[in-house]
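Chains V and E, in that order, give the protein sequences. Throughout the first sequence, residue numbering follows the working numbering, covering 9 to 319 in sequence. Throughout the second sequence, residue numbering follows the working numbering, covering 327 to 640 in sequence.
FYI, nobody ran anything at the bench for these hints, they're computed from the structure. Only a predicted model underlies this, so the values are computations on that prediction, with no experimental measurement involved. Watch out, some of these pointers could steer you wrong.
Unchecked claim - Facing chain E, a subset of chain V residues (Cβ under 8 Å, in silico):
id, residue
1, Val-84
2, Val-86
3, Ala-182
The beta carbon of each residue, even a glycine, is placed where N, CA and C say it ideally should be.
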Amino acid sequence: MRKVTFLAAAAATLLAACSQQGPGESTPAAASTAGGAAASGTPVIGLALSTQNNPFFVELKDGAQKAAKDAGVQLVVVDAQDDPARQISSVEDLIQKRVSVILLNPTDSSALAGAVQSAQRANIPVITLDRGVDGAEVASHIASDNIAGGKMAADFLAKQLNGKGNIIELQGVAGTSAARERGKGFDDEIATTGMKVVAQQPANFDRAQGLSVSENLLQGNNDVQAIFAQNDEMALGAVQALAGKNKKILVVGFDGTPDGKTAVQSGAMAATVAQQPEEIGKLGVETAKKLIDKQPVEKSIAVPLKLLTKE
Amino acid sequence: MTLQLNWSQAKTLFQRLGSVIGLLLLFIVLSVLSPDFLTTGNLLTVLRQVSINALIAFGMTFVILSGGIDLSVGAILAFTGAVTAGLMAAGHGMVLSVGAGLALGLVLGMVNGALVSWGKVAPFIATLGTLTLLRGLTLSYTQGSPIPVTNPGFAMLGGGYIANLIPLPVLWMAIAFILCGFLLRGTVFGRHVVAIGGNQEAARLSGVRLSPMKLAIYGLSGLLSAFAGVVLTSRLYSAQATAGAGYELDAIAAVVLGGTSLAGGRGWLFGTLIGALLIGFLNNGLNLLGVSSFYQQVVKGIVILIAVLLDRRQ
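Assemble the whole structure, with the sequences as input and the hints as a guide.
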């Protein structure tokens with residue numbers, strides 16, 4: 009019997025404790041959610057993130073939270089830990105919560121169409137952030153112009169290397185539109201120069217995998233002048249792989265995360281194509297607010313990019 | 327012997343009631359805290375979310391009852407899901423593709439069983455090995471990219487509803503529960519599983535043939551993981567190279583939360599269902615309450631630890 013009381017009491021306490029943890033965590037949503045979001049009349053926007061294990065999406069979330077505060081709406085954030093099945097579940101949870109709009113940052117472009125359709129069946133419009141969803145219409149898609157960004161990185165390397173050299177490319181999670189578009193912008197532009205991508209492999213936008221994949225590729229390719237990583241996390245992994253090697257290899261990342269910017273300033277990375285994740289999150293909430301106010305929104309909103317190099 | 331059995335049965339009963347009452351309390355707390363929790367739509371949604379983990383956990387219950395562990399379930403799910411999707415992408419029919427995926431899962435599970443019985447490898451290590459091997463095979467088979475599925479009939483397996491209300495995965499979960507429950511309670515096979523977990527040497531001396539039993543036990547786990555893989559692939563409209571990462575831990579958590587002893591020989595399938603529901607409702611409730619996903623993991627970890635600690639006290 010002891011077990012019964014223990015488990016019950018523990019579960020109850022934990023739950024109570026956690027629902028109050030919200031305000032302290034500066035999550036405006038959580039504070040009032042416990043009191044019944046639907047009843048209070050304040051519109052609620054759901055934000056389904058792919059992962060918070062990447063500073064980029066944390067910045068995106070911060071931007072969205074600030075914008076939500078300014079716009080006077082509640083924001084409920086759920087996180088899929090990069091698992092598409094978990095993301096479907098959390099989108100369903102948002103539908104059950106009857107949020108007004110869902111901001112979806114998909115884990116994967118191919119797996120979320122069903123979840124988007126379920127939301128639409130429940131009359132909840134979906135706005136995709138950073139990555140698109142194949143096979144489903146959304147109210148609006150907000151992302152950086154990734155193809156242009158890939159081209160920027162290629163142009164930068166062409167200038168640095170005088171138009172010739174061998175390049176290793178670290179790719180993002182296969183199937184995501186970000187990985188596809190950055191790769192396309194980069195590869196197409198490289199093809200117009202004398203440079204060559206001698207090896208490309210996915211390291212899934214992850215720093216640890218960026219390290220191991222770089223190590224392996226460097227092992228197999230001696231004559232390499234540059235590494236292009238489709239995000240900063242992988243680029244930083246590549247920087248670690250290069251540490252201790254007496255070779256001048258330029259590393260170019262993508263995203264412009266705080267860590268990435270620091271590495272560019274210290275010279276560990278040559279450049280990063282900076283995105284403005286806070287801006288994506290902010291625009292997401294503002295666009296959602298327009299939908300709630302029944303105003304027209306653009307189908308596709310491109311957030312500008314900027315090449316950051318050492319000053 | 328009989329007296330002892332009755333006493334331990336009485337103790338087990340208390341323990342069993344623990345997980346059920348834990349679930350009921352969670353239910354009450356969530357209903358009070360969130361107005362969106364106790365709706366038919368939400369409850370059915372959670373049941374569907376739970377079904378993948380429950381299917382895997384049913385197989386895991388047999389493995390753990392026999393004193394083993396199967397870490398390869400998530401990797402089997404990913405590989406068989408990819409092969410099923412790959413066959414359909416190559417133009418084969420749905421029945422053949424799903425059949426091949428399930429057969430592959432059964433065989434892969436039996437390989438685990440063979441390693442454990444004839445290879446005399448500790449289950450933890452054997453299935454860790456097949457986990458790694460299958461992850462690698464999945465990545466090379468898919469080249470790291472998702473394999474999209476367009477077959478509309480196949481999409482029904484995970485995304486369809488009965489009478490526009492009950493999600494099909496919930497039906498699969500119910501059928502699997504009934505079949506596995508019968509297998510465990512109503513057949514010689516089930517009694518032998520428990521006997522092996524209780525005391526392997528005694529079971530062998532009393533005539534239980536260990537090797538074929540282990541082949542069957544791990545084969546069943548592989549088969550159910552493959553089925554979960556088929557349902558998941560259908561729900562995602564695509565087979566994901568990295569699908570099912572960490573699912574072995576969710577399945578083990580469901581089994582342990584349900585009161586099945588990790589030492590083997592003691593446990594029940596209904597508890598596993600309750601354990602899977604506990605995890606599912608916890609995830610859903612914390613999402614509805616807007617709790618940060620970081621704290622969600624903390625809460626889940628603490629609930630599991632409490633359950634295991636209390637299990638040890640008894």
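Here is what the structure says about each hint:
For V:Val-84, the interface hint holds, the least distance from its beta-carbon to any beta-carbon of chain E being 5 Å, beneath 8 Å. Because the smallest distance between the Cβ of V:Val-86 and any Cβ of chain E comes to about 5 Å, under 8 Å, the interface hint for this residue holds. Annotation: interface hint on V:Ala-182 holds; nearest CB of chain E at approximately 4 Å, less than 8 Å.
When the structure is compared with the earlier hints, no violation turns up for any of them.
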